[in-house]
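Chemist: So the protein lines, in turn, are chains V and S. Position 142 of the first sequence, counted from 1, bears residue number 749 in this note's numbering, the numbering being contiguous throughout. Position 111 of the second sequence, counted from 1, bears residue number 116 in this note's numbering, the numbering being contiguous throughout.
Since the hints were derived computationally from the structure, they do not count as laboratory data. A hint or two may mislead.
To be verified - BS3-like mimics (lysine-lysine), calculated; alpha carbons at most 30 Å apart, straight line:
(1) K749(V) <-> K177(S)
(2) K798(V) <-> K471(S)
(3) K177(S) <-> K798(V)
(4) K471(S) <-> K379(S)
(5) K288(S) <-> K379(S)
(6) K288(S) <-> K177(S)
(7) K257(S) <-> K288(S)
If you're wondering where the values come from, they're calculated on a predicted model, not measured in any experiment.
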Amino acid sequence: MDAFTTHTGRAVPLRRSNVDTDQIIPASYLKRVTRSGFEDGLFAAWRSDPDFVLNQPQYAGVSILLAGPDFGTGSSREHAVWALQNYGFRTVISPRFADIFRGNALKGGLLPVQLDEAIVEALMAAVEADPSLEVTVDLDLKEVRAGDVVTPFEIDDYTRWRLMEGLDDIGLTLRHADEVTEFESRRPSWKPRTLVG
Amino acid sequence: MGRTLDDHTPRTLAQKVWDDHVVRRTEGEPDLLYIDLHLIHEVTSPQAFDGLRLAGRPVRRTDLTIATEDHNVPTVDIDQPIADPVSRTQVDTLRRNCAEFGVRLHSMGDASQGIVHVIGPQLGLTQPGVTVVCGDSHTSTHGAFGALAFGIGTSEVEHVLATQTLPLVRPKTMAITVEGPLPLGVTAKDLVLAIIARIGTGGGQGYIIEYRGEAVRQLSMEGRMTVCNMSIEAGARAGMIAPDETTFAYLKGRPSAPSDADWDEAVAYWRTLQTDDDAVFDKEVVIDAAELAPFVTWGTNPGQGVPLSANVPFPTDFAEPSDRTAAERALVYMDLTAGTPMTDIAVDTVFIGSCTNGRIEDLRVVADVWRDRKVADNVRVLVVPGSVMVRLQAEAEGLDKIFTAAGAEWRQAGCSMCLGMNPDTLSPGERSASTSNRNFEGRQGPGGRTHLVSPGVAAATAVTGKLTAPSTLS
Ligand code: SF4
């Protein structure tokens, strides 16, 4: 995973709530067996509308997504995170994220930033007024900066450290392999097994 | 471990199961949780196996891992190669990965193949007090047994394959208590749709829900699975129901359930998996079962539901601006006019199946409605069993004869039109009554419009061509 410390880029406002992962990437785009190439499927149904916000020229090359509440609900497909990243997004800002989406995003280094609805609204309005506005998401200082707006966001220290170091979760867990083995020695023998013998 | 022996703080069911699986707990870090059962399917696993290969890591516990083909599989001509080359690649990739890493796989045509959340319980692998994960958000289904079960992303699939653990922050707990018995004609599906409409699609975010109360206790295991299945539709990663005699009776004798002395030991442990009387939930919701009725959705998220006897709501009925905008968008997408009686809505397709309502009990309900009735001429009706075992059981009971005599199509097992990754899809503008769990825009096919319903309502709707409660059929 690439480390995330601070990111500055232009943002696009997606004025919708409850953006489920079926909208982020429809099922028909999930058939690849790689982690790349999912950008074509990103918001595929909506992008077929020429007026959809991502199709507007002033938002070409954006890397920050501003969205309404309950972003990433529904299916657990991590393809939603890959599609956003493959398209060029580094961070998503929303008043509320679905749990599984947030977890997936954090694994892949796509930073989900949760801010109050009023602040997200202010950011959307600022970007709509000036699409060239640069927005900075600073994980080191835990704040978002855009024009005159400077607003802190919350993230737990452990997750922040892991993202800033770009650490692989599996590698971290395997440092405790002995504890896993010890735990296994205490599991009851009647627990279910998928293989017999 | 999560707690010391002399710590007698009252705990909820979720806390007990969680504590029993903590491998490592350190201040300032997520708990490292042991996973008892890992279910795999073809869509969310290829990149995870790839990751293992790249890092040269084996699957740590193949004996706690099981795979099935479900999301992509066709439901006709399953003895032929899959026609869609991309679906075929995905299924072939799963077969290669399982062979290479030594994972048990139930392929198309195999007697134990089926939707991942149908086969776990029916094999007896899903048991009270176990932790279950799968790269699929409806893993919450398994919570019906008092298991702690939740969906994970592909990176987490790789993590579990490599380590049999997951680092997780313990969610908060929410009790949803349904007081009194369900009224006649009200099913588990109606109950859960009503719950989601009440608490909203984000209401359960950050929580594990425990469903309690008389109405929940009275549900069969199938009904409990339907309820827990849709926990994720309320935003909760997991939903649980404490195990009881209904649970034990369902499990006894299943292929992977404990037997003999092990059974007694297991049951003794399972009986401890109750929320302590004075345990405190972070949030409590109480629902009066007497107020429930058959429930259906009108919009494009599972929280947009109303009683079948009600009308399509007006956007101005919603207090929150974001709900109002969502309702406006949904009405346009669904091509509905506010104020229309729900029972006036005509459908083109009825889909009966999925991990929500593709079990034998669901099919029996449908057969009861269709005995001596025919489905309407202009309605396409698909009945897709959740697994091969469900299919065989239905055929042993003669249900398939009733389905085909009524004019419905009786298919092979799989996810099918629940998400339309296989050829079973809605065409643009087509409208369905569906026993599945998601009415998102385009979920059943681009431009398709979905109304979520119970199996009974689906069957009655197939007969009249309009959303219909079975009790109103002549
Ligand atoms: S039936 Fe539908 S919801 Fe269930 S696992 Fe399959 S695609 Fe997912």
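Chemist: Under the criterion that the straight-line Cα-Cα distance not exceed 30 Å, is the pair K288(S), K177(S) satisfied?
Modeler: holds (8 Å)
Chemist: Given the hinted pair K257(S) and K288(S), is their alpha-carbon gap at most 30 Å?
Modeler: Between K257(S) and K288(S) the Cα gap is close to 34 Å, so the pair fails against 30 Å, i.e. violated.
Chemist: Given the hinted pair K471(S) and K379(S), is their alpha-carbon gap at most 30 Å?
Modeler: holds (14 Å)
Chemist: Does the alpha-carbon distance linking K177(S) and K798(V) stay inside the 30 Å limit?
Modeler: holds (26 Å)
Chemist: Does the alpha-carbon distance linking K288(S) and K379(S) stay inside the 30 Å limit?
Modeler: Given pair K288(S), K379(S) is violated - Cα atoms ~46 Å apart, limit 30 Å.
Chemist: Are the Cα atoms of K749(V) and K177(S) separated by 30 Å or less?
Modeler: holds (24 Å)
Chemist: Compare the distance between the alpha carbons of K798(V) and K471(S) with 30 Å, and conclude whether the hinted pair is satisfied.
Modeler: violated (47 Å)
When each numbered hint is compared with the structure, violations occur for hints 2, 5, 7.
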